[in-house]
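Q: If you read the sequences in order, they're chains A, B and C. Numbering follows the working numbering, in which position 166 of the first sequence is assigned residue number 166; successive positions increment by one, without gaps. Numbering follows the working numbering, in which position 411 of the second sequence is assigned residue number 1089; successive positions increment by one, without gaps. Numbering follows the working numbering, in which position 64 of the third sequence is assigned residue number 1308; successive positions increment by one, without gaps.
It should be emphasised that the hints constitute simulated quantities derived from the structure, not laboratory data. Any given hint could turn out to be false.
Stated by the list, open to error - Straight-line distance between alpha carbons at most 25 Å, and here's what the computed DMTMM-like set of lysine to aspartate or glutamate pairs gives:
| id | chain 1 | residue 1 | chain 2 | residue 2 |
| --- | --- | --- | --- | --- |
| 1 | B | Lys1095 | A | Glu40 |
| 2 | C | Lys1283 | B | Glu879 |
| 3 | A | Lys640 | B | Asp1208 |
| 4 | C | Lys1428 | B | Glu888 |
| 5 | B | Lys955 | A | Glu507 |
| 6 | A | Lys635 | A | Glu558 |
| 7 | B | Lys1195 | A | Asp528 |
| 8 | C | Lys1283 | B | Glu891 |
| 9 | B | Lys1088 | A | Asp528 |
| 10 | C | Lys1283 | B | Glu888 |
| 11 | A | Lys640 | B | Glu1200 |
| 12 | B | Lys1196 | A | Asp496 |
| 13 | B | Lys1195 | A | Glu504 |
| 14 | C | Lys1354 | B | Asp997 |
| 15 | A | Lys503 | B | Glu1090 |
| 16 | C | Lys1421 | B | Asp997 |
Stated by the list, open to error - Far from chain A, some chain B residues (derived; all Cβ distances over 10 Å):
| id | residue |
| --- | --- |
| 17 | Ser730 |
| 18 | Phe871 |
| 19 | Ile976 |
Predicted model, so just to flag it, every value in this text is computed and none were measured. Backbone N, C-alpha and C define an ideal beta-carbon position, used for all residues, glycine too.
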Amino acid sequence: MKNKNTSLFRKDLVQEALKESFVKLNPKIMFRNPVMFTVEIGTFIMLIVTLYSLTSDAQGSFGYNFTFFLLLLLTLLFANFAEAIAEARGKAQADSLRKTREETPAKRVSSIGKIHSDAVEIIPSSLLKKGDLFFCEAGDIIPADGEIAEGLATIDESAITGESAPVIREAGGDKSSVTGGTKVLSDRITVKVTTDQGESFLDKMIALVEGASRQKTPNEIALTILLAGFTLVFIIVTITLKPFADYANTPITIASFISLFVCLIPTTIGGLLSAIGIAGMDRALRANVITKSGKAVETAGDIDVLLLDKTGTITIGNRKATHFYPANGMDEKHFIKSVVLSSMADQTPEGKSILELAGIDPLSYEVKDARFIKFTAETRSSGIDFENTRIRKGAADAIKTLSETAGNAFPDETAERVTQISSNGGTPLVVSENEKVIGVIELQDIIKPGIRERFERLRKMGIKTVMVTGDNPLTAKFIADKAGVDDFIAEAKPEDKMNYIKKEQAEGRLVAMMGDGTNDAPALAQADVGVAMNSGTQAAKEAGNMVDLDNDPTKLIEVVEIGKQLLMTRGTLTTFSIANDVAKYFAIIPALFIVAIPSLQGLNIMNLQSPESALLSAVIFNAIIIPLLIPLALKGVAYKPIGASALLRRNLFIYGLGGVIVPFIGIKLIDIFVSSFL
Amino acid sequence: MNTEILGVVLMYATVVALAIPLGRYIGKIFNYENTWLDKIFNPLDRLFFKLSGIDPSKEMNWKQHLAALLTTNAVWFVLSLFVLSNMSWLPLNPDKNPSMSWDLAFNTSVSFVSNTNLQHYSGETGLSYMGQLILMLWQFISAATGIAICAVVFNAMKERTTHELGNFYSYFVRACTRILLPIAFAGAVILVFNGTPMTFEGKDSLTTLEGAEQHISRGPAAAFVSIKQLGTNGGGYYGPNSSNPMENPNYLTNILETIFIFLIPIALVFAMGYVLKRRKLALMVYGVMTAGFLCLVIPAIYYEMNGNPAIAEMGIAQDMGSMEGKEVRFGSAASAYWAINTTSTSNGSVNAMHDSMTPLTGMFAMIGMMVNSFYGGVGVGFINFYIFIILAVFIGGLMVGRTPEFLGKKVEAKEVKIAMIIALLHPLMILGGTALASFLYAGNPEVYEGWLKNPGFHGFSEMLYEFSSSSANNGSGFEGLGDNTPFWNLATGLVMLLARYLPIIGPVAIAGILASKKFIPESAGTLKTDTSTFGILIFAVIAIVAALAFFPALTLGPLAEYFSLY
Amino acid sequence: MKNNLIPAIRLTLVCLVFFCGLYTLAVWAVAQLSPGQGKGLVITENGKNYHFNVGQSFTSDQYFWSRPSAVAYDAAASGGSNYGPTNPDHLAEVQQRINHFLEHNPSIDKSEIPSELVTASGSGLDPHISVQAALVQVKRIARARGLTENSLLQLVEKHTEKPLLGLFGTERINVLKLNLGLDKL
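Chain A with its partners taken away, still in its complex shape:
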């Protein structure tokens, strides 16, 4: 990702946002945000009053009214700017992803019915339709998202993920997806287009950010209701003040009424609310996660249970051979030789690690008529046949069956060794020669450094971590303990995941999981937050509600934090906004009445210069606090996993108490400044 460190306000983005700020003054757009919509009405009324004051001084001088009109307009523009800059940033981020795939020539394979002809035509990528087939060779840029129909290739995905190491994608299986904009490094693949132009996840996300199809998330709806409620309270407060003032023979200008109203309603959060939501999706995108809805990000913050695949998440990639244990009476050198030979043709990472551990070049041995035996699900072993020797290595029970069928006993000592390795978190591979057990290879998982701390962090957030692994329960337990996860599913089949999710959900918990394979799809759909790896199958990507471009299984943790940040930013800014009212009251109320009731000077605890300067200061503060808080709204309030109570205490202190104190200081300072001009 190239734009990871974009500054908050890039010049071009600011320009675009400034323009949008004015466009968004359109009442039809404003209407979506009830708080700011009322401000717009207030601004409009002030405009009329300003025009009226050209002819009469009954509502104060023209300059006075015009100043308030400008300040209110500024408040609106600031709020619009907040939303616009968030949109612009999100769009820029998405665009940079999208740009890579625009107008790439595509080698479309024409097909007649179900039969593909070999005829190839070169068309622009924008003409590709869902279901079309195209092929790519080494050096080609893949023109569209799709699924490999045929072939295998190494692909450079650095344009999307920023990761320079090439990855292998092949037809069938769980790593069959390719992304538009990535580059084929070797081999040739035929790809079936899975989405129409403009309908890829990225396109959908851009639409979300741009606001065209942005829907309010459940919490955002509830918060909007709360804010609308507050606004209504202050509509009542302001309107009823008129007869009160009449009773007290205190004339109050319309400008004062509107100032009071605009200052009291929660404009700060009202102005920043949508920016916060967009910034949440934007942050997800910066983490290379495409979200299919704003709701998914929000839900991520609520997650109680995380299902994590062991491999790649908790342990580094693959297991490594760590020990050779020859059976009793077996010559170690001979054992190693057999092991090396059996692994000669084994291209799996485990196989390679065995050769590494042995440190012997297999070609130094002379073998004739060698025939390599591939691993199959039935035999669950692999090996080599040469001359009269048959070497096999595989799971303990597979080799046990093999040797016992041949009439050879499975040595107790080997059985013990197998158990011991398993309970230490290792995976035992038993080796046989001519159906006789000759020893055991120990494979060990390497737990990722720092993963324990991450789980500890999750635990403090109140999230239960569950490791999913195909290992036997003994191995699984050992790794689970070592990595510090709360629970594990051993010998996991896809339906186990599903059942586990359902069970947790039945108990009221929200579950997140990550997956890539087609058999993960139902579980991804069932999970409250399902993150599909971009490399995964189309089915998996359709089923989940987020797609991780990096294919990084630890991404779930980041996603959860982004979700929490999103909610927290809303909560804290709401608190801040409402707490501001205390100071604003003390600035405005004395100012409204002090001319008619001089004894109310006692309420002017900030000792503001004059009623005019007090009103102006409050309105100015109210306006400029919005742009001042934009960086916070975009970056989000820092999440610290210190437990909910401590977090509440902290945020209540900073944003609640701060929200009470800051405006006192701010309004006073502005008053000193303003009164020097009056």
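Use these hints to put chains B and C onto chain A, whose structure you have.
A: Leaving out everything else, chains B and C in the frame of chain A:
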């Protein structure tokens, strides 16, 4: 220490000491656990249900509860209207008092059925004994309504998913017979022995020592006074309520009557802790309520004991404090204490004239009503507080980065909407009502001259107080207000009606909806609602939602008066 | 609603019987055992009955004055003045009472007058005054009745009611009882 302040401390300490075991007892009653009084009450309750044709074991959902509540209350309203407008020919009228006008009968019926007990009449001259007794019935059963519906909310807050929230009639009858009846009876007996009248004879007449004729109103007052204090009703038997020496003869009865104001409201908080097995939550709620109460009561006592500066200027001694409208046997501390007790619960009885209190005491009394949940009325006080909990849970939940949950139930848009409407209602009623009255008065001061006994800021306070009192279902008044006019009778009647039932419907709906949601077990990420931090948050929500909205109005009333006086 | 109506009416009737009827009768029955049989606290002096917890108006110089009353001690229409603390009428009235008091008690300094003696009570029936309020009247009564101040001071002390248990509430004097005692001197 000053014996007046010591008296106040005694009253508070005693009420808390009594409320804790009572709360436990009430909790047992709502949980249908055995108590030692079952031998008496089980047969009594069975009799009630048999005679009423009610099956007390039939489970109701929240809508059925509300339907039962509203129907019974409607029946009471109609009956009340009939009696009050026909008192003159109905029995038990030895003093030959007249029937009420239609608007006053409407106002009084709403007032008593809604547990408000706003009185636009004076007990001695405006009611027959029959009228007094029927009002006393509402004092029992409107209080029991509040307790019963509070029990429904408690039941809904339990950790499970259900639509079935117990039986309204069962809660209601248990509240009547097992809580209100025994305590009210004990209180009435103490009052009788201290000189509160309990007779069906008419007025007594005598010649004073200086030779003047004096008529003394009597009647079945003791029974009435006891339940009016206990059920946060507050409607006095006599016009000036418990400042009248018949109604409240001495300092001991004053202690008793003051304790009765707070007893059930505080006990219900502890009952909640017992029912839900969440003692800490109850302590948090109690703590917030108490903090709020102290914020109001301490300055009130201070200002009353310090006297009226305008009188101090005349050069006389004010050792007893501001004594206009107060009784020597209570003193200013116990009067100010009562004033805040009665307004922060929705009681509304008085032992001194609130209209004559110093400006800030009047303001704190009003704030007590504006918040209406620093203990609050029996049952409804907690229900009002529940709204603030929901709002605080919502804001606090977001602040810790989670969809807000309260007691394992997600608080979502629908609940926030209801809570916000209810929170809105109170400012709307109080400010809207006062605005209407101000508008009328300011437009034509001559026509409405009779409204305000006091001019200027204080006159405004009288109107603001009246609507605060109505909307809080309190019933006390700045009694200088000439309030027995069709405008005030209808306006406050309407406000009382809406302000009683909507704030019951709202929270019950929220609780019912939450109860039917899936229960989510707590995790380290869940916002804990039983901590002091959360308490502070609720307090802040109350201060900002409930109190700040009234700041401009209070500025033009009591605050302006205060700053012009001090 | 319909299903609830019949039970609601029947329940109301049952409540009527219990809480208006039986509860009231029970309290009434207990009242018969109480000192005043629930008819008020009455003392009899010289064959005349007085409700000693209901204040009476005392305005002549021979008696200890009771507090001002907004209802002239009409115990069938009790009530307070409901004057606000800043009401000019109220303040004028208080000033006038101070003047009136000083006229009748010329030897008293204004700063000795306790405010309760010039302010109206809440009920208009306050039977009590403070000790200070009695003491400032001693000189006047001594002169009017030709009694020694000392005997009056003793009387005042005798009628002073201490706070509850000596700890809680106010110290006060029942004016009616004090004046009855005065008549006996």
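Q: Under the constraints set out in the numbered hints, which ones does this structure not fulfil?
A: The structure breaks none of the hints.
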